[in-house]
Amino acid sequence: MNRLAVTAAAAVGLLAVPWLVGNDFYINLSSQILIYAILALSLNLLVGFGGMTSLGHAAYLGIAAYACAWFVTQAGLGQLAAMILALLLTIATAAVFGVLSLRATGLGFLMITLALGQIVWGMAYRWVNLTGGDNGMKLGSRPAPLGIDISQPVPFYYFAVGMFGVAFFCLWRVAHSPFGATLRGARDQPRRMRMLGHHVWMIQLIAFVMAGFWGGVAGLLYVYYNQFVSPNVLALQQSAEVLLMTILGGATAFSGPIVGAIVITLVKNLVSSYVERWNTLLGAIFVITVVFMPEGLVPGCARLWRRLRGQKLPKAEAKAS
Amino acid sequence: MQFWVIQTLNSVALGGLLFLLSSGFSLIFGLMRMPNLAHGAFFMLGAYLGVATMNATGGTLWWGVLGGGLAVAVLGGILERFILRALAGNEQGQVLVTLGVSFIIADICLLSWGGDPIPIPAPLSLRRPIFFEGLAFPTYRLVVLGLAVVVAILLHLLMDRTRLGAMIRAGVDDMQMARGIGIPVSRLFTLVFCLGAALAGAGGVIGGPIMAAYPGLDADMLPLALVVVILGGVGSLLGAFVGSFIIGFVYNFGTALFPDLAYVILFLPMVLVLVFLPQGLFGRTLR
Amino acid sequence: MTAAALSIDGLSKRFGGLPAIQDVSLQVMPGERRLIIGPNGAGKTTLFNLITGDLRPDTGSVSLFGQDLVKLPTQRRIHLGLARTYQILTLFPRETLIHNVVLSLLGLSPTRWNPWRPLTRYRAFTDAAAEALTRVGLGDKARRIVAETSYGERRRLELAMALAQRPRVLLLDEPLAGLSQEERQSIQALLTTIPRDVTIVMIEHDMDVALAYAERITVLHYGQVIVEGTRAEVVADPRTKEVYLGH
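So the protein sequences, as listed, match chains H, Y and Z. In this text, residue positions in the first sequence follow our numbering: the first is 1, and each later residue adds one. In this text, residue positions in the second sequence follow our numbering: the first is 1, and each later residue adds one. In this text, residue positions in the third sequence follow our numbering: the first is 1, and each later residue adds one.
None of the hints are false.
Some but not every residue of chain H turned toward chain Z, in silico, with C-beta under 10 Å:
#: 1; residue: 194
#: 2; residue: 197
#: 3; residue: 199
#: 4; residue: 200
Don't read these hints as lab results, they were simulated from the structure. All residues carry an ideal CB built from backbone N, CA and C; glycine is no exception.
Required output: the full structure, derived from the provided sequences and hints.
The structure is reproduced here in structure tokens:
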């Protein structure tokens with residue numbers, strides 16, 4: 001299957017969603033999926049390409065969302081200024097958190113990201129004077145990029161498509177760039193990379209900040225969409241969900257996180273109308289995925305597809321893909 | 001002055017509870033090289049099951065401690081034996097599974113016991129404060145401190161004087177060597193996991209009169225355990241002990257004096273430790 | 001007097017109670033072919049790890065062309081002209097051979113920080129990598145995945161990666177380990193083609209090949225230098241025989 005053809009088809013499909021779907025509820029759902037797809041892609045830079053599993057990624061979505069809301073409603077800034085400042089704050093936090101988290105690797109790294117994420121959540125929850133605590137913070141209105149009104153579902157959806165396109169394109173460029181190659185190298189053989197002259201710590205820190213930045217972009221979209229943000233968005237559950245999206249889809253490819261975002265968001269929204277126990281379901285999906293499908297849906301399905309078509313690939317080639 | 005007495009005793013009580021929580025966490029992490037993210041959920045579940053036991057038997061808090069601790073230990077054993085063992089060698093997978101399990105436990109607790117906090121009464125005899133020099137000392141908090149110290153001593157004796165302890169220490173030090181000299185590692189893992197779960201579960205009940213059982217208790221306790229272990233060093237009981245009391249004081253006085261910034265204040269010791277002593281105060285490095 | 005290419009002075013390292021390297025001093029002159037030998041556990045790989053920065057010494061110094069290395073992190077040492085191959089292969093198994101060499105070339109190039117331009121557009125790197133592979137006889141296998149190559153081919157790849165960086169001092173940690181007789185001779189022939197502007201320090205067990213190649217030899221035993229000198233001197237020295245035959 002030609003990659004370009006698939007991408008073109010996907011792009012057309014994305015643009016056609018409002019016609020295909022027609023219903024405001026589903027158009028909004030599609031916007032939500034795009035927000036989480038950006039978040040999952042940003043985390044995948046860290047997890048899939050960098051080999052660094054983080055359980056604190058929701059922090060960047062939350063910080064950007066809260067900062068934007070605060071700058072607009074409390075500091076009285078314009079939407080554009082608020083957006084830029086929110087992203088700058090997110091980058092700064094990611095840099096600091098990255099330095100702290102990279103004091104360890106593997107599970108130590110995981111624990112530190114978790115603890116830092118929890119601390120940000122605790123701050124949002126307790127620092128009532130700043131964040132409104134449990135009541136959350138409202139964002140009065142959505143911005144009007146280039147003067148276009150995006151307060152309605154369909155225009156907002158296209159705005160989200162645009163942001164997703166930008167995010168996807170940028171992350172795609174990073175993945176195929178020299179930096180992307182060194183990031184993957186640092187994931188596979190960090191000691192070797194140092195012995196070749198690469199500054200592994202710096203590579204990982206830059207990846208961490210990039211992931212935080214795009215997580216912040218998702219956060220901006222989130223607060224524009226909901227026009228509201230509450231501490232829930234920073235809870236461990238949110239970090240776990242986005243990690244699950246990257247793993248469920250299959251952490252290495254680009255399609256993996258997107259598939260994961262689609263599946264989890266759909267299940268969460270559609271199932272929640274019938275069943276109240278989303279958390280149990282989330283937990284169960286986690287356990288089942290890790291135990292039975294560790295390589296994720298996309299690689300797993302790809303393999304199944306090949307087998308169904310009767311193609312038996314030699315072992316080496318299967319390893320290469 | 002009374003304020004400081006109360007806060008100090010609140011701090012040592014919290015420290016004691018944190019020790020019960022994080023000693024198990026630290027042992028599991030040290031031996032199995034895996035942070036058990038269900039540990040906060042074990043604490044909360046223990047509290048709920050403790051209340052259930054007390055209601056079922058009509059007994060005092062101590063029956064609750066027994067019931068909660070045992071039940072959680074059994075659950076922990078099942079989790080370890082049937083799921084974690086299947087992922088042996090894949091520590092990251094194990095961590096994610098414990099995370100998933102923590103969500104399931106939290107949700108089931110919500111389903112079973114509802115959203116309102118359930119108070120857990122302290123034993124009658126311990127409810128009146130001790131008066132000394134004109135100041136009132138909340139008795140139960142002193143008891144919690146005492147229990148934590150007793151458990152610390154018992155754990156120390158276990159680790160230092162028994163064969164089981166020697167096996168655990170060997171496993172923490174060098175897993176391959178331990179396997180090589182014939183230590184039954186799989187069974188040891190299950191045992192230590194049960195022990196850690198029991199401590200957490202019992203801790204939840206013991207903490208009941210102070211904290212009650214409520215949804216979100218797990219999310220409140222887990223990061224504290226993490227910070228204690230990052231501070232005190234993985235696999236070190238002494239580190240867990242010292243770290244628990246440091247965090248108990250920092251968190252408690254922080255919440256009392258600067259309620260908005262409690263979590264920020266929690267942040268600081270952890271940051272300092274990470275920057276200057278990445279292996280924690282007493283333990284081995286997180287690398 | 002010419003500065004030594006690699007100068008080690010009073011280097012010591014203990015692991016807990018175990019002294020791995022004890023007061024080791026040696027000087028390798030530019031262009032020299034130095035062989036480090038000694039029984040297993042003599043500290044040869046530890047010595048390499050101390051030179052590359054994987055380990056920090058307890059005492060002593062390491063200098064590269066007069067530049068003190070001890071305070072520098074590993075990647076800075078590589079930028080000063082050091083390169084190393086490993087006893088246990090550490091390659092990038094899911095990548096092609098040419099990608100492995102490209103990663104090596106990127107290590108010294110500011111291009112490695114570029115997060116935007118596709119790597120495939122950098123023809124200069126791909127060409128240089130292809131050339132490096134051809135020099136070790138792997139030119140026709142450039143597009144193969146490492147996982148699909150033989151052990152001997154992977155050893156050549158390691159060499160290609162190190163040589164592509166045109167290092168001033170090259171540390172070879174048992175480059176012939178695990179190879180067939182034919183492969184050994186082939187790699188040894190390859191080693192003789194390395195120009196003299198590369199100083200070579202090699203750890204090796206295969207005596208025939210190594211002795212043929214080495215100009216000066218340092219014998220290590222229990223972390224100490226026991227004998228050092230030209231090939232003839234070391235071979236004749238009774239202490240060398242004792243170190244090896246005493247076991």
